[in-house]
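**Student:** Each chain, written out:
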Amino acid sequence: MSLNTKQITINNDFFFQSVEEMLEQGLSVDIKVKGLSMRPFLRSEVDSAKLVKVSAEELVRGDVVLFRNHGHHTLHRYYGTREGKLIFKGDGNCRLTELVEPADIVARVVSIMRPDGTVTDYGTKDWQRKSRRSLWCKALRTPIFIAKQIVKKIIRR
Amino acid sequence: MRIKSEYKIRKIAGENVIVAAGATNVNTTSIISFNSTSVELWNALSGREFEVADVVAIIMGDYGQSEEVASRDAAAWVEKLREAKLIEE
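These protein sequence lines are chains Y and F, in that order.
Letter by letter, the first sequence follows residues 26 to 182 in the working numbering.
Letter by letter, the second sequence follows residues 194 to 282 in the working numbering.
So here's chain Y without its partners, still in its complex pose (with noise of 0.2 Å):
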């Protein structure tokens, strides 16, 4: 006989269809954030983000919003819209965009969770801090990212 509690791997996408459903019904859903491209503002099985359901008209630029994306689920910037899609962008990636259609939007994040306790909740001054340095870290990293590119062609050459 087996009473034993087990050590599970949910594979992503029923995940998310789980969490999408939970949203659904109302409910705010603590996710643990795997992944690197919105490093540093979330760190990959580090950090939890709180996550509500959201609509695309909701959005305001700045945003980390969780969105279906070619079958998956993917967390990330808001920037603004493009002939009628919602453009995102990791705050980890260097040139890496992604398009949206608006239905395809499922939740934003409202608060982020540290290891240590430490709550940043969405719009605070704590939360543009971090979005801030999140951010510049990426501005700086892109010229670094363009020039490694641009010496990879040469050496081929």
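Hints were generated in silico from the structure; no laboratory data involved.
Honestly, I wouldn't trust all of these hints.
[Said to hold, decoys possible] On the chain Y side, residues computed to face chain F include the following (Cβ under 8 Å):
| no. | residue |
| --- | --- |
| 1 | Ser43 |
| 2 | Lys57 |
| 3 | Val71 |
| 4 | Ser73 |
| 5 | Cys162 |
[Unchecked claim] To give an idea of the interface, some chain F residues facing chain Y are shown, with a C-beta separation under 10 Å as derived from the structure:
| no. | residue |
| --- | --- |
| 6 | Ser198 |
| 7 | Glu199 |
| 8 | Arg203 |
| 9 | Lys204 |
| 10 | Ile205 |
| 11 | Ala214 |
| 12 | Gly215 |
| 13 | Asn218 |
| 14 | Ser239 |
Ideal Cβ placement from N, Cα and C applies to all residues, glycine included.
With chain Y held as given, fit chain F onto it using these hints.
**Tutor:** Frame of chain Y, contents of chain F only:
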């Protein structure tokens, strides 16, 4: 001891998992998966005070296990809940 009231069983991605679930928020950052037997024990013991002896009685009664096996399984199950901080003494 008592199972902490903020922890609930939810079906996530087809698995029975224990999550901290309040009236307005579900915390999925730390989830524990339960097999069907653990789910039945959880449901039977939620919302009331219980001792290891109560878990033993359920296992013996519902699953026809000997007292020796039931005592060992019950102690292990309660210890898992303690480790996961799911119960208050």
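**Student:** Please write out, lowest number first, the hints stated earlier that are contradicted by the structure.
**Tutor:** 3, 5, 6, 7 and 14
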